[in-house]
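S.K.: Residue numbers (my numbering), protein chains in the order written: chain A, 1 to 303; chain B, 1 to 303; chain C, 1 to 325; chain D, 1 to 325.
Derived by calculation from the structure, the hints in this document are not laboratory data. Honestly, I wouldn't trust all of these hints.
In silico contact screen, one side only, chain C against chain D (beta carbon under 7 angstroms); selected entries [what the hints assert, rightly or not]:
no.: 1; residue: GLU97
no.: 2; residue: LEU101
no.: 3; residue: TYR105
no.: 4; residue: SER127
no.: 5; residue: GLU132
no.: 6; residue: LEU156
no.: 7; residue: ASN260
no.: 8; residue: TYR262
no.: 9; residue: GLU271
no.: 10; residue: GLY274
no.: 11; residue: PRO278
no.: 12; residue: PRO280
no.: 13; residue: THR289
no.: 14; residue: GLU295
Just so it is clear, the structure is predicted and the values come from calculations on it, not from any experiment. Where is the CB? At the ideal position from N, CA and C, for every residue including glycine.
Residues per chain are reported as follows:
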Amino acid sequence: MSIAAKLIDRNDAAPSFATGPDIEAQIADAARFTRRHAIAAIYRATSGHPGGALSCAEILACLFGAEMNFWPASVNDPYRDRFVLSKGHACPALYAIGAYHQFCSKQEALGLRKLGSPFQGHPHVRDLPWVETSTGSLGQGFSVAVGMALGMKMQRMRARAYVLLGDGELQEGEVWEAAMCAAHHKLDNLCAIVDYNKMQSDATNEAIMRLEPLADKWRAFGWTVFEVDGHNIAEILSTLHLAASTRERPSVLIAHTLKGKGVPFMEGSPAWHGSVKLTRQQAADALTALGASPEDIKDLIDG
Amino acid sequence: MSIAAKLIDRNDAAPSFATGPDIEAQIADAARFTRRHAIAAIYRATSGHPGGALSCAEILACLFGAEMNFWPASVNDPYRDRFVLSKGHACPALYAIGAYHQFCSKQEALGLRKLGSPFQGHPHVRDLPWVETSTGSLGQGFSVAVGMALGMKMQRMRARAYVLLGDGELQEGEVWEAAMCAAHHKLDNLCAIVDYNKMQSDATNEAIMRLEPLADKWRAFGWTVFEVDGHNIAEILSTLHLAASTRERPSVLIAHTLKGKGVPFMEGSPAWHGSVKLTRQQAADALTALGASPEDIKDLIDG
Amino acid sequence: MADNNAPALIGTSGDSLREAFGKALTALAADFPKLVVLDADVAGGTGVHHFRKAHPERLIQFGIAEQNMVAAAGGLAAVGMLPVVTGFACFLERAYEQARLSIGYARRNAKIVASHPGLDVGPDGGSAQALEDIAAFRAIPGMTVISPADPVETALATRAILEFDGPVYMRTGRSPARRLFGDDHVFEIGKGQIVRHGCDVTLVACGVEVARALDAAELLAEGGIEARVVNMPTIKPIDADLLERCARETGAIVTAEDHNIYGGLGSAVAEAVGKRLPCPIEFVGLNDTFGTSGEPDELAEHFQITAPYIAAAARRAIERRKALQ
Amino acid sequence: MADNNAPALIGTSGDSLREAFGKALTALAADFPKLVVLDADVAGGTGVHHFRKAHPERLIQFGIAEQNMVAAAGGLAAVGMLPVVTGFACFLERAYEQARLSIGYARRNAKIVASHPGLDVGPDGGSAQALEDIAAFRAIPGMTVISPADPVETALATRAILEFDGPVYMRTGRSPARRLFGDDHVFEIGKGQIVRHGCDVTLVACGVEVARALDAAELLAEGGIEARVVNMPTIKPIDADLLERCARETGAIVTAEDHNIYGGLGSAVAEAVGKRLPCPIEFVGLNDTFGTSGEPDELAEHFQITAPYIAAAARRAIERRKALQ
Ligand SMILES: Cc1ncc(C[n+]2csc(CCOP(=O)(O)OP(=O)(O)O)c2C)c(N)n1
Ligand SMILES: Cc1ncc(C[n+]2csc(CCOP(=O)(O)OP(=O)(O)O)c2C)c(N)n1
Ligand SMILES: [Mg+2]
Ligand SMILES: [Mg+2]
């Protein structure tokens, strides 16, 4: 099946996202939903990583809302595009965008981290096939995506593999093995996105383990590098498009983001980077900051 | 003990290497010895990696013959410089240069790879304390050297750590973890040397997994980079000296070498890169090419 | 808008084994001047935040790069430091070969201390619940493997491993742990202890399962079965003398661990008993499956490693012993 | 000057298990169109050079980067390929956590085939002799672990693991191996086989130790002891039914493996017997020490895993059985 054909299928399957005139507004809506849903799920779970979930909302919304040929009806289609959340701890955002696009139920996705729920604290492909692989151990998802891109090329599938990495994750040597390998094998069907929020678990990258000059690293490893504002939907979309037309080389978007984006008391505050427990008041405040109405907040928190 | 004081000790202990007027000639002699001894040992062992042992003879000879404050009497001195052969499979060359500098007996070092001999197929620190750590699994020796450099800094020792890596070895992600870490911790007491012979086990780096642009990779990881002709003793010596005066950053010498250097039928021939068995005739031919006299050859092969 | 409230960090309060470890390490810093602690950006989770606060200059940050950290520990030890590598059990497994070569084979005086083992990890889920670490590290020649049972024992074990000369792998734990031992508790590497007397069956446990084994003994006592409970904090070298004695005196053994039933404590006990004095053994642990998200106690129940399951295993072991007689 | 003679590559000739594997894989390529082979620059040593020659487009080169290779195998399987990861046992251990998560936990249909296990590695020395791989991989939930005994069985096992749907770790071997089985040999995952009858003691072995166990049985026969020899190529899932039968019929067991005595075949047997029908067990293997350089047979002698030591262990096991009666 050609990609063009698939695009038409897609329009049939999910007309509300792909055919609207104002795609950017749709994506902005999805990003807003993603943040609120992720915060609610983390609150209900009494643990989880809000900072890195909030920073990647636009990136996920762009991928799922426009860039990828991937929607609920294509979960078993071998020709679908693949998305891997290599920074698996940000899965509340992945579950939320999945719920928004009907890969799963919104309500069920709020069951995060609970026994019996398929929405584990880190994505597990045997519980939720649409997450494509199991992640949680930093670095591995990127290698898995490299394997997917390789395998799709060998089978002459025109689908693409997308993978989202954390900046702290880039300290794992496996990431540079995978980067070297993808360039060597000329995987132009692979697109990596770095959620460059400048923070990791305990502190800033700068304090823990310096990453700069980051673009130079990727270039020296043979990648085409794009730098974008990771909260600017138009810029992300057009850059993903550019990346998709790069030939013979994999491409990476270094997406400058703000950890905790959208929730003022979390933005830039190191304490909110790791796994945390939200009080009811904190959850409500965060949802208010994210523009949720009192009714929505009640639903999200207690519903 | 200050480094200056140690230098004097050293002159006492090994006057023949460090005080001669023609240090380069001495080092050239040591490199010749290293090649011959390594070939003889591999012949006797009926297995071993000649290519990568031959390519690093001058590098080892410069380190042991001039650069390092390390000699048999200082093997237990906590203030000694440390050398780690991260490309452990090249140990026939390490054993040879060690024998040349009296860290061990020349005759015993020919017992390579034999049961009961401390000269194992890869260096083992519990058998031979002067090899500093056990290597053989590529990538690890570099990390160990980083740990040594860190530990020496913490203890305010002015000694330096040197580590020799293979080019194929640079494909290990652990190498880039260690590189990032050394730059982050500003380990200017660490000097890495890459034996850039452009070949690994099965073929060229280019065919197996492209490394270029290599200097860019190291620079992007925060290192001061020097490129040298790895067979030019004067250049190696002066560059090691330059590297030692670099402050706040670790330095790397990318040493351009020829795999199998000195033995025409091995130079550039992929078949001789991995572990091989030498026939008696091949060993004799190799030793002849390395300028050994018929008598020396007899001694080395049968003695 | 919240007044920039700090979040409640999960599990860093309470008497978890990781907290006990972190505090003990901090207190021991003065006695071990060469001690340095290695972290890979998880100090907040391993208990090492205490040490960092007290001795920032002795906490070496490696970033999220476990391979380099573990091999570098070998280098630190080589130049005379006393390195304690810390991390989550599951992620330290990615430095397994580094632990083997640069610590085990080189026989370095370096310690690896892993928090977040087993189901005790809880909501992070199956990917983070290391159920194979004891087996893997036990197989490395010369590696000592320890899993203490409560905060008191963890503190004692922390001192013991620093005093011991050689490579050690030690598990701590994430969730609040019940205090089992008094201030007079003794910990010696290589020694198990009978913590409850009984002659009908022996329950051998380590880590969080010791508390559950004690509870199981209570359940069994209600049914008139007197179970002996052995706390076996050193999995390697295993206390084979004690196990032989228990095999002789009770003739039936149950092992209990928050780990796969293959390769861990159960396996070490089966080897020792097979070699010394065979008797029926029942294995309580994860039945060769991965974990999932949930609270530690819920998960323990779900995967059947709580007291009732240990008690049931004890009854099976006793039946089997009787059938043999 | 030599006429640019090619070197004699070590051990790529002869009937080593790695060669048998490489040839079998090459022959099977036609039957498994999705089969791809992953290499980390050691194809000359793993037997995979045969496959590369025949099917260069199906050999994926990862360079010296085992972590990425193993996790990428998970990705290849996810998009429908049938990946076979190849490498030296010791270096594949550095991808242990990748095998756990991206293959084991994700339950991918990917195979890991390791050459150069144990003392059989020979002169490369202790650093390269993996003595802990079976233990480590056996502990990963859901991972099948196989170690065939001769070239015939290796070829059959190669087909069997490709037909099997799920994660597998398989050991081959480096040195020339004695041919033990005829063309009618049958290999089935999870099944052991009695390859010599006897009722005084059972010798259970895998890999290169099966030949040595058969020799040990000869030695024992000279002294009037009839040893049963069980070839146990699948270490996980272990054939507990067969072991129970052997425990019942012979009452004494010896395990023999080119591996640490902790965690491997011996451990799997001890678990199964402890759970089913306890009997005295003696463990032949590396006594928790690393190897060293030497020829495989010399090393086997030096570390006491040859036939005479297996026979001595058998006599001890029999004595112990008698003492219990
Ligand atoms: C291999 C591994 N080591 C450690 C961890 C523990 N961990 C979870 S999240 C995290 C910080 C990640 O930082 P970053 O990649 O920057 O993610 P983000 O800022 O986007 O949340 C760490 C260290 C892990 N998940 N995997
Ligand atoms: C981790 C690891 N993987 C694989 C090997 C097997 N191996 C031994 S030497 C070698 C090639 C090394 O090439 P390079 O680093 O370029 O060394 P040189 O050319 O200097 O000999 C390989 C793959 C190893 N020793 N360690
Ligand atoms: Mg970050
Ligand atoms: Mg090379």
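S.K.: Should the hint that GLU271/C touches chain D count as held when the rule is a Cβ pair under 7 angstroms?
M.R.: holds (5 angstroms)
S.K.: Would the hint on GLU97/C stand, with a C-beta cut-off of 7 angstroms toward chain D?
M.R.: OK, holds: GLU97/C within 7 angstroms of chain D, min 4 angstroms.
S.K.: Using the nearest Cβ pair, does ASN260/C come within less than 7 angstroms of chain D?
M.R.: Holds: closest Cβ of chain D sits about 5 angstroms from ASN260/C, inside 7 angstroms.
S.K.: Should the hint that THR289/C touches chain D count as held when the rule is a Cβ pair under 7 angstroms?
M.R.: holds (5 angstroms)
S.K.: Grab the minimum C-beta distance from TYR105/C to chain D and call the hint holds if it beats 7 angstroms, violated otherwise.
M.R.: holds (5 angstroms)
S.K.: Double-check SER127/C for me: the hint is only fine if its C-beta lies closer than 7 angstroms to a C-beta in chain D.
M.R.: At about 6 angstroms, which falls below the 7 angstroms cut-off, the nearest Cβ of chain D leaves the hint on SER127/C intact, so it holds.
S.K.: How about GLU132/C: closest beta carbon in chain D under 7 angstroms, or not?
M.R.: holds (3 angstroms)
S.K.: Please verify that hint: GLU295/C, Cβ, nearest Cβ of chain D, below 7 angstroms or not.
M.R.: violated (20 angstroms)
S.K.: Return the status of the interface hint for PRO278/C: holds when the least beta-carbon distance to chain D is below 7 angstroms, violated otherwise.
M.R.: With a closest approach of 4 angstroms, the PRO278/C hint holds.
S.K.: Under 7 angstroms is the threshold here; is the Cβ of PRO280/C close enough to any Cβ of chain D for the hint to stand?
M.R.: holds (6 angstroms)
S.K.: LEU101/C was flagged as interface toward chain D. Is the shortest Cβ-Cβ separation under 7 angstroms?
M.R.: Holds, about 6 angstroms.
S.K.: Hint GLY274/C vs chain D: min CB-CB distance below 7 angstroms?
M.R.: Since the shortest Cβ distance to chain D is 4 angstroms, the answer is holds.
Checked against the numbered hints given earlier, the structure breaks hints 6, 14 and satisfies all the rest.
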